[in-house]
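**Q** Read off the chains here:
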Amino acid sequence: MTGALGPLLLAATLVLPLLLLTACLSARWHNEALALQWLAPIPAAAAAILAIAGGPFAFDAPALRLSLRLDLPGALLLAVASLLWIVVGAAVFASPGDRPNGRFAVSWLLTMAGSLGVFIAADLITFYLVYALVSIPAYELIVRDRDPSSKRAGAVYMAFAILGEALLLMAFALLAAGEPSGSLRIEDVVAALSTSPWRDGALALLIAGFGMKMALAPLNGWMPLTYTAAPIPAAAVLSGAAVKAGVIGLIRFLPFAAPLPSWGEALAVIGFVSAFYGVAIGITQQNPKTVLAYSSISQMGVIAAVIGMALASGDADATPQIAFAAANHVLVKGALFLAVGVAAATDFRRDRLTLILMVALALSLAGLPFTGGALAKFAVKDPLGDGLAAGLANASAAGSALLMLHFLARLVRTASRGVEAAAPGLTRLWPAIAIGALFTPWLLYLAVGDPRDAASIAKLWDGLWPIMIGAALALGLQRWGKSLPRIPEGDTVVAAEAAFNASLPISAVFESLDARLRRWPVAGLSLLAIALVLAAMAAYGG
Amino acid sequence: MIETPPALAATAGGSLLVLAILLPCAGILLSFALGGRFAERIALGLTPIGLAIALAVSVLVWRSGAPVVTNIAGLPPPLGIALRADGISCVMLVTAALVIAGAALYARASFATPAGVSEARAPLAFWIMLQAIWAALTILFVGGDLFNLYVALELLTFAAVPLVCLAGKPETLVAALRYLLFALFGSVFCLLGAALLYGAYGTLDIVLLAERVRPQPAVWLAAGLMTAGLLAKTALFPLHLWLPPAHAGAPPAASAVLSGLVVKGSFFLTVRLWFSVLPALPGGAAEAALGTLGAAAILFGSVLALRQPRLKLLIAYSTLAQIGYLFLIFPLASGAHPWIADGWGGGIMQTLSHAFAKAAMFMAAGLLAESLGHDRIAEFAGAGRAMPATVFALGLGGLSLMGLPPSGGFAAKWMLLRASVAAGHWVWAVVMLAGGLLAAGYVYRILAPALSDGVVVLKSPPQRSREGVALALALVAVALGFAPQSFFDFLQIGRAAATAALP
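Top to bottom, those sequences are chains A and B. Counting from 1, one number per residue, gives the positions in the first sequence under this note's numbering. Counting from 543, one number per residue, gives the positions in the second sequence under this note's numbering.
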């Protein structure tokens, strides 16, 4: 039933944002393009629905070295990511009053194209291109305020992004080298990975590179800095959609076909460490946006742990479930970031509906029954198994409940300050967005399982008790929280920055070396020495 | 009558090669004869013709899948002089024609002969030297004979040096003298090497030499001397004493040509020497040594670029680093291995993409310096808003230098990385990745202040047409990232014979 429509929509997923971008650059169409750019993800959303309903399809343009493919895991993520981009984009660009400038719009569109593109990229080169798009232009979204803290956050973000790009480039080179026929398709290189002589190097680089994007500990420092500094809409799409580039990366590039116990368990350990680390540092934070960032670190840790367990057991069928869990996070985290703006704009404590929805959304991340979070938790039950991993996942759900209640408490305290208030339109619409974020996963779940399984009474209790433990802990935090140490946002990144600054004098050594090498006698001698060494080398052969 | 071996036989369309060389030479003579403002018109008028000839040669090579060859005066080597255009000759000819055309268009604003005078020193010198560089490069790219190539290299140096000191300021004169003197040292080494080869084999024709060269002391010494001389002219680390002041001090249009093309001329000759003349030398130690110098250049040049407070010096040091990448072609494309096609394609792609990206960046830097009145990076705040197209060109060039997709720089790095992985030479891969990180660092250092808010008072708004030239060249560097496989097959034309002839 997909016919030619599916491939066309795939191409349009990338082309439409770029078309609008071109229009943004032209003086004639600038304003129209800005006003309409929230519509850019519509082909992506349509493609996702088509793929969820009718199975995978592909689009190839060899002349442009572009190859795209949409399967179920990608479609689940693409559906919610495009939804988030549309909703937040509308909030940012549809109101004519306070419309951002062209440069912000260009970065927005580029990041959007990359963010949607990672879910459909089918070969190494295409994936690397869209991955760079989702990472690099976001700099402009982060530093929009141009105050010192956002500049610092932008610099740290870029350092991590570029380092991640370098790690992945090497990983991709190893993947390509391990594929005997020379194919660059992701399926082919991953299938060849288990027999590749470079398997371990490639896996280590892939986990490090994508782990950086997901802010797994100890590479997590950029995320709190970035989300705290970025304007709320930017934080919403970055934390909701852009971070999933790391998740889809792990889903696409790890070889689930055969069990890899040691690599899988290592990833699971990293994941669970991040899950608890995020909670532990998060509860010491005061800014609600920072708390949300630490919650993302924790949530991405759980996802990474599930991916690790699936890798350990060679469970290739788990990828739609994992993608579903990540998709839930897209919606919830996006809506929660918007909530920070809403809380700043209104006295939401009086508005009972908004208040209830905020609590429900926050606890959705802990798996509150009847929310998408409960489904997400249920979806990853199988890959996690019954052993230690399942116990740790429950404990992390309790931790999430604690962290999110802390978030709500901070939101109540800081709301009156009124910074970064959301536009009135967004404030009015927010309850609808929140309801969508809570219940859209139920629709999506039809694609990966039977929602009735997840709604039984026994499951209800499974979902409730971690939240009760979390609530009890939260009461304790209220009582004794003041004695917790104040950890700077970004935790380890502070040490990394100090180390970086301490290493700067090394480059002065290069400068003095340069001055010495560029003296005439030294340069003349070097010339002679090079001639002789090369002659000797030519004679020696090798 | 002695039968001419097939590799030496002239092919159809060979006269185009002669025409390609004659065109700029005629331009120089005419410019001298007519003088004044005619030099500008002649240079501008000839570039499209030159580009058309370069494209025509490329089409011929593409169609036949073999080099285009002609023997001047109809005599085959060793008596006559051969001109040969293979795949890499063609892409370099086209690149040179495009960059020269870009530089000429860009330079119109700064090197117009003032109204009221019939002739002015700087414009006349610029337009004549620009054509001389073009002529020299054309000979370098199609010359089939080492002596010929040596002469072209000298012409290149003598044409490039005056461009450095066109402004006539004392510091540019010092820079030009440094350049001249060191290049002359290099020339002496090259000439000695060529003389040794001639003494040993009685010919300097590349094809004949390749057949005759055997591992023996004269060849070893000649290889060392010629290569060292060429490296001096390419400014490969640690022989770069002249490059930063020369490239940073020259007028922007000249810097674009010097950084984008002139250093590639001597690099091209080094490639010819090692891949066409000396493939019979066994081993790979010398190639590894060249790669090591390249790797050192990448790290050293990038770190120094990070420390430069002035934009033009930063770009000049970045050239130092980018030249380093070129030399990875020696360890990664030599010998008979499965990965050499990637190494070769990557190295040549780096040459092309750097030519366009760097020319664009120097032009953009020139526009910034003219409009702002300075090129201190720390004071760029607001420049992005005031002159977006210029900063965009700078950013696109930077994209290619960093090796981010889509760009020629990415394609080059990707292929070189694949080759080094396949060869098991990890050190090159690590250095390339580190170089990419450092490049990102110095590009960030330019763009972060330029894109930040600030109020700048432009002395004069940049000319749209000049911004357009910089942007167009930067876009070519980006477009190279979409080069299809057939492009890389084209680069192999003329090389297959050389590698197949290996023992």
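Just so you know, the hints here were simulated from the structure itself, not pulled from any lab data. Please read all numbers here as calculations on a predicted model, not as lab measurements. Errors might be hidden in some of the hints.
Unchecked claim - FRET-style restraints, in silico, Cβ to Cβ:
hint, chain 1, residue 1, chain 2, residue 2, range
1, A, Trp29, B, Gly996, 34 to 44 Å
2, B, Gly996, A, Ala495, 37 to 47 Å
3, B, Lys1001, A, Pro180, 25 to 35 Å
4, A, Glu187, B, Gly741, 40 to 50 Å
5, A, Phe500, B, Gly741, 54 to 64 Å
6, A, Pro180, B, Leu571, 37 to 47 Å
7, B, Gly741, A, Gly541, 17 to 27 Å
8, A, Phe500, B, Lys1001, 43 to 53 Å
9, A, Pro180, B, Pro757, 50 to 60 Å
10, B, Leu571, A, Ser503, 20 to 30 Å
11, B, Leu561, A, Leu513, 20 to 30 Å
12, B, Trp968, A, Val494, 49 to 59 Å
13, B, Val560, A, Leu64, 33 to 43 Å
14, A, Leu513, B, Gly741, 57 to 67 Å
As the list claims (entries may be wrong) - So, partial list: chain A residues that the calculated Cβ filter (under 10 Å) puts toward chain B:
hint, residue
15, Leu25
16, Arg28
17, Asp98
18, Asn101
19, Ala176
20, Ala266
21, Val269
22, Val273
23, Glu511
24, Val533
Glycine included, every Cβ here is placed at the ideal spot set by N, Cα and C.
**Q** Does each hint fit the structure? Answer for all of them.
**A** Hint check:
1. Checked against the given bound of 34 to 44 Å, the beta carbons of Trp29 (chain A) and Gly996 (chain B), roughly 28 Å apart, lie outside it.
2. Remark: the range hint 37 to 47 Å for Gly996 (chain B) to Ala495 (chain A) is contradicted by a beta-carbon distance near 32 Å.
3. Roughly 60 Å separates the CB atoms of Lys1001 (chain B) and Pro180 (chain A), a value that falls outside the hinted 25 to 35 Å.
4. Under the hint 40 to 50 Å, the C-beta atoms of Glu187 (chain A) and Gly741 (chain B), about 59 Å apart, miss the expected range.
5. At roughly 56 Å, the beta-carbon separation of Phe500 (chain A) and Gly741 (chain B) lies within the given 54 to 64 Å, and the hint holds.
6. Taking 37 to 47 Å as the suggested C-beta distance range, the pair Pro180 (chain A) and Leu571 (chain B) does not conform, at roughly 58 Å.
7. Judged by the Cβ atoms, the range 17 to 27 Å given for Gly741 (chain B) and Gly541 (chain A) holds: they are separated by roughly 23 Å.
8. Against the hinted window of 43 to 53 Å, the Cβ-Cβ separation of Phe500 (chain A) and Lys1001 (chain B) comes to about 37 Å, which falls outside the hint.
9. Separated by about 35 Å at the C-beta atoms, Pro180 (chain A) and Pro757 (chain B) break the suggested range of 50 to 60 Å.
10. Here the CB-CB span from Leu571 (chain B) to Ser503 (chain A) is close to 56 Å, at odds with the stated 20 to 30 Å.
11. Checking the proposed 20 to 30 Å range against Leu561 (chain B) and Leu513 (chain A) shows it is violated: the Cβ atoms sit about 48 Å from each other.
12. At about 32 Å, the CB distance of Trp968 (chain B) to Val494 (chain A) disagrees with the hint of 49 to 59 Å.
13. A beta carbon spacing of about 38 Å between Val560 (chain B) and Leu64 (chain A) agrees with the range 33 to 43 Å that was offered as a hint.
14. Judged by the Cβ atoms, the range 57 to 67 Å given for Leu513 (chain A) and Gly741 (chain B) is violated: they are separated by roughly 39 Å.
15. This hint holds: Leu25 (chain A) has a C-beta 9 Å from the nearest C-beta of chain B, less than the 10 Å allowed.
16. Here the hint on Arg28 (chain A) is broken, as its CB sits about 16 Å from the closest CB of chain B, past 10 Å.
17. Given the 10 Å rule on beta carbons, the hint for Asp98 (chain A) is violated: about 17 Å separates it from the nearest Cβ of chain B.
18. For Asn101 (chain A), the interface hint holds, the least distance from its beta-carbon to any beta-carbon of chain B being 9 Å, beneath 10 Å.
19. Evaluation of the Ala176 (chain A) hint against chain B yields a held restraint, the C-beta minimum of about 6 Å falling below 10 Å.
20. Because the smallest distance between the Cβ of Ala266 (chain A) and any Cβ of chain B comes to about 22 Å, over 10 Å, the interface hint for this residue is violated.
21. The beta carbon of Val269 (chain A) comes no nearer than 27 Å to any beta carbon in chain B, farther than 10 Å, and the hint placing it at the interface is violated.
22. Taking 10 Å as the C-beta contact cut-off toward chain B, the hint placing Val273 (chain A) at the interface is violated, the least distance being around 26 Å.
23. Proximity of Glu511 (chain A) to chain B holds as hinted, the smallest CB-CB distance being about 6 Å (cut-off 10 Å).
24. Taken as an interface hint, Val533 (chain A) checks out: its beta carbon lies about 6 Å from the nearest beta carbon of chain B, inside 10 Å.
In summary, the structure is inconsistent with hints 1, 2, 3, 4, 6, 8, 9, 10, 11, 12, 14, 16, 17, 20, 21, 22 from the numbered list given earlier, while agreeing with the others.
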